[in-house]
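S.K.: Residue numbers (the numbering used here), protein chains in the order written: chain G, -18 to 316; chain B, 2 to 328; chain S, 525 to 839.
Any given hint might turn out to be false.
[What the hints assert, rightly or not] Some chain B residues judged to face chain G by a derived CB distance under 8 Å, without partners named:
#1 L106
#2 L109
#3 V110
#4 E112
#5 V247
[Said to hold, decoys possible] If you want a taste of the chain B side facing chain G, the calculated C-beta under 10 Å gives, among others:
#6 S36
#7 L72
#8 W208
#9 E230
Since the hints were derived computationally from the structure, they do not count as laboratory data. For glycine and all other residues, C-beta sits at the position ideal for the given N, C-alpha and C.
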Amino acid sequence: MNAADAGPVLLEVRDLSLAYLTSEGRLPAVRGIDLTVAAGEIVGLAGESGCGKSTLASTVLRLQPKDAEVSGEMLLSGADVLTMRWGDLRAVRWAEASIVFQGALHSLNPVHRVGRQIAEPIRVHEESVADDEIETRVGDLLESVGLPRARARAYPHPLSGGQKQRVMIAMALACRPRLIVADEPTTALDVMVQAQVLHVLSGLVHDLGVGMLVISHDLSVLADVCDRVAVMYAGRIVEVGPADQVFSDALHPYTAALSGAFPRIGDPAARYAPSGLAGDPPDPRTLSGGCSFAPRCPRGVEECAAAEPTLVPLSPTRSVACIRVAGRATDEPDR
Amino acid sequence: MSVRFTTRAGSAARALDGVNLQVRPGEILALVGESGSGKTTLARTLMGLQRPSDGDVLVGGEPLGYSTSALRGFRRHVQMVLQDASGALSPRQTVYESVAEGIRLHHLVKETRTPEAELVAQALSDAGLRPPQGLFLRYPHELSGGQRQRVLIAGALALRPRILLADEPVSSLDASIRGEILALILRLRDTLGLGVVVVTHDLGLAWNIADRIAVMYLGRIVETGTTEEVLEQARHPYTQALLSVVPEIERLTPVVLRGEIPDPTAIPSGCRFHPRCPAVADGRAAAAGVDQDCRRTSLRVLGPAHEHRVACHLDAATDDGADRPPC
Amino acid sequence: MSAPASSPETAGSDAAGPVLTARQIVHRRRLDGLGRGWREFRGNTPGVLGLVVLSVFALIAVFAPLLADPEGLKVTQAPGGVLEAPSSQFWLGTDENGRSVVTLLIFGSRISLFVGLLATTISIVIGTLVGLTSGFFEGWPARVLFRMTEWFLVVPFLPLALVLATVLGRSLWNISLVIGITSWSGTALLIRSQTLSIKERPYLERARALGAGRWHQMTRHVLPNVMPMVFANTTLMVAVAILAETTLSFLGLGDPTRVSWGSMLDGAFSVGAMTTRSWWYIIPPGVCVVFVVLSFTLIGQALEEIVNPRLRTRR
């Protein structure tokens, strides 16, 4: 699926920045992100711990902490979530866009039956729906994620990790949203269960025409299931492009390191040659003015420390934020 | 070291149901399987933390005793690095104390006549933490994930073991720093001659560093051989299915198995994989005339020898006559 | 980095600073930790209040002979008349023997605090030992210990205490023993459940993998992680013990030769102070007990919040 087949733009993030205000100072978690997701499209957001991706996910429904400093726009079908009135926001939450949270294993309430938890958003948003219709819809939702209808009467604890994750997806679909954000949907799942969950997710997009934003640190998963992928590092996007290209032909040194961490089985070059980066993901408190990746970058030069690179389009579908790739530093002012 | 026919029956949950395994120094063996396959139980049994219900763990030909003193002696030769590095280090101990714990327990200062601080520094620098003294007095919560994992490895190395068991050594770490830890494991194999058993669900990891692989399903080893043999010429349908869904592989059509691994209390009859086996479902087994066997006849436990071995009726039936011993 | 031959644990410092032994630096870090705990405690107003009140009472107990004349305790040399109302000479009046109530209160504080602390010590020691053992070990000895704990938990305090006190006889030590014996089970239960959860933690399994025996596991890993909770629990136990002592003395089971707040209440009751409206005899001891118990409770709750971060409210 390429951009021409995609439907209307559902999510548009414009220059979003978010900083946490903690007792230890101001922690910039997200620094100027632009992103779009259209209907029928699966966009991936790749990054590791501390890059700000989960913060971004929670901001889609304005679930970020109250004392966080936010700037920019988060447009859902044209309306800015960040400045909406409370009533509009409640209507949007779950009915326009929903989130499949990270850590499904702990997101289900252990004392309520699964069916009741899936039905909860329906009851909140559509109060007039009758009980037996709710039951039918819950059963349909379970079937659409590959679980038997009878599971609605079960409690969460006998379910396996993969089954709980699918219940969370069913819950996210309950009010027929047009956009779904899946935060680390396959982390902590076995390879086979991961394949099942990804199968369900891509099936939903193709059958229902929803738009999906998948967040993961596993670039190979994103390459498999997404149409486009954006790679985040230290709160900024450092590369964007079609998923398979970004994975197999990474331009930014960080993306290359990420994709190298998932070796291709059968590739003799990866045999006995694990590739990775030295150092640790950056601490948002200690960001200096230059490229945040420079301390760990295998291709770093002196100019990298001068200014944070901007995202430069190299083709209609690919952009990279790196002065070594996009040519010498441009004259555009730093953000 | 070898393990013979291990079964564990705890309220009739057969976590390990017949396993033969050999581990040699200087070799990296990957135990690959999903959750419920029994790989962690096997690792813990090899470590002596779990007693087998049947069978023994043999160390250099002698069965392992389970008295405190026998175990203590054993722990000088085989050490383990647990999953979840942040939980495995006591939050109240500094790095120095965590690494020194093993040294003190085994009175290594007396034995090697070296000061404790030197032994600790040596272990930390073997694990790639240099300069070691700078980290002596840090607490675990002050370290990054990669550093914690290295401290755990240093704690195990301090005892100068000959075999190291690593349970999911990199699954809790960020992707970009996995390579470093895996490179460390390779280096330990090369410089110290360690034998390493890596328990993982990640086939890519096995491709990166393992010499041999044993694939486990529901308490049994279903395929074993060198890494190239198992990952490039997989013969068991389960291995083939696992490989097909690994995202980086384009050459295989994905075979997404239905359902989940059955509970160890209800192991299917015959070949334990038959309810989910694609070869049974699409008729290949019937075509080869073995589908009744798949449903009814149990397979023998694979022996510990070192050829490419598979526990599968279909594979045995379609064996092209090469003189491989029957499974 | 080389180490001086004498101390095997010398760690070099990163910067060019004095070379301290590892032990010294760990010691300093522990002090830092305590300093942080103290600062947190200072921020907890109820806790500080409790500490202030308790300090006042502690000082009174310690310096009792300086504040009041011990001779005033002797019944035979009572300075005042029977149940005199408060006056400038006797700030809180006198009891039925003519002794100054203020003197009685001051010396009574010694008994109440002493018995409270001694009983708590006995209770904590028994409770910790039983809790650790029944939590850590498996097999029938542990199960038997746990059954005993449950039994002591279920049996009502007062009848058991009455029986024990009567059997053992009336003295300070016996009273402390009685209170200790009847109250250790709560601590044991708490420590047992903590032990059970710590036993499964990954660092315990790592210790086993390294070759640690059970003694090492218990003393180097379980105990240090259990101690903070014990500490917080202890302060609350003291409050309970003081109340228990007051109760037992009130019922006439205390040491007859010593004055405590409980025995004062007993005296007031038996003399009919209520009917004669001798409020100065009844109310002060009760108020003192309430204040001391409250201060221990406030301190204990503040400590629990510091030790167990999950109890903290978001400020």
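S.K.: Return the numbers of the hints above that this structure violates; sort them in rising order.
M.R.: Hints 1, 2, 3, 4, 7 and 9 are the ones this structure does not satisfy, whereas the remaining hints hold.
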